[in-house]
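Spelled out, the chains give:
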Amino acid sequence: MATPVHLETEVSLIDALKRGDSAAYETAVREYSSGMLAVARFYLDPSSAEEIVQDCWVTVIDAVQKFEGRSGLKTWLHRIVANRCKNRLRTANREVPTEFSESLEPELANRFNAKGRWNLPPQLQFHDSADTLMENGALSDCLDKHLSALPETQRSALMLYEAHQRKSEDVCNILDVSASNLRVLLHRARQKIFLMVETFQETGEC
Amino acid sequence: MLMCRDLATIASDYIDGELSGRQNLSVKMHLLMCRDCQTFIGNLRASSELMNAHSSRKLSNEFLRRIDERVARALAEKKSENQNQS
Ligand SMILES: [Zn+2]
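Respectively, the protein sequence lines represent chains A and B. The opening position of the first sequence corresponds to residue -11 in the working numbering, with each subsequent residue numbered one higher. The opening position of the second sequence corresponds to residue 152 in the working numbering, with each subsequent residue numbered one higher.
Heads up, a few of these hints could be off.
To be verified - Using C-beta positions, here's what the derived DEER-type ranges look like:
no., chain 1, residue 1, chain 2, residue 2, range
1, A, Gln113, B, Lys229, 56 to 62 Å
2, B, Arg221, A, Gln113, 28 to 34 Å
3, A, Gln153, B, Arg224, 33 to 39 Å
4, A, Gly125, B, Arg224, 27 to 33 Å
The set of hints was computed from the structure by calculation and includes no laboratory data. Backbone N, C-alpha and C define an ideal beta-carbon position, used for all residues, glycine too.
One chain only, chain A, in its complex shape (with noise of 0.2 Å):
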């Protein structure tokens, strides 16, 4: 994961921008493009996507003279795409994401009992760390291809929530959701990935 920019480096970053400093934009290019894409990734296809990124790059050389810092470069980057892809689906039909009424997985829902009592409990305890966890090769791998098979409204929204110190309001603000409706995004994405893992604890198969 790309390491946070701090505030003063922040302040100084945007200093560059506004003066129009070519390596300033390369590091900015670097630091922030990753989140922009999961933005416009949950509004557009892939390919619209980049090349709506690639547009605000340079709408950013004239907008950032504007900038007075009081949201954060990230949010401020974020809510310029978001506002692109949204005029840009204003003219086409623009597909809502999907509303869940239901919150729990059903290969999840699957495992209580009438009463609501698990009939089939997770078996083992995922005790180690993050970081141990993340060693396991074959298991970083089985992880990477999970996550790039989550919807795109799912995986932008767990991203941009952990990118935005779980602020859930700037995130609804950026992706135009309901504060309800991000909660569940979330909660299915990570039970997918809860899926994922015990399977592979349980057969070593991703």
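Fit chain B with the ligand to the supplied structure of chain A, relying on the hints for placement.
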């Protein structure tokens, strides 16, 4: 009373501290008595951490370089515009 299925439904909200005081308390009470749900919450939390460590997209160098080029071109255009004005 909160059942295991209910707990599994709101487990992420519990992990993220998004539950109301009363709901939070009933989850805690349930966890005191239910080993399976303890394991589930622990595993879901571990899954979440695992995913955080893994979630940022690896961008292709080609994609980044394309942005660099477009930005450099736009910066150069802007500079020459400014020079023409002054
Ligand atoms: Zn239980």
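Here is how each hint holds up against the structure:
1. A:Gln113 / B:Lys229: 56 to 62 Å: holds, 57 Å
2. B:Arg221 / A:Gln113: 28 to 34 Å: Violated - the Cβ-Cβ distance for Arg221 (chain B) and Gln113 (chain A), about 49 Å, lies outside 28 to 34 Å.
3. A:Gln153 / B:Arg224: 33 to 39 Å: Because 35 Å falls inside the window, the suggested range holds.
4. A:Gly125 / B:Arg224: 27 to 33 Å: violated, 41 Å
Going through the hint list in order, the structure does not satisfy hints 2 and 4.
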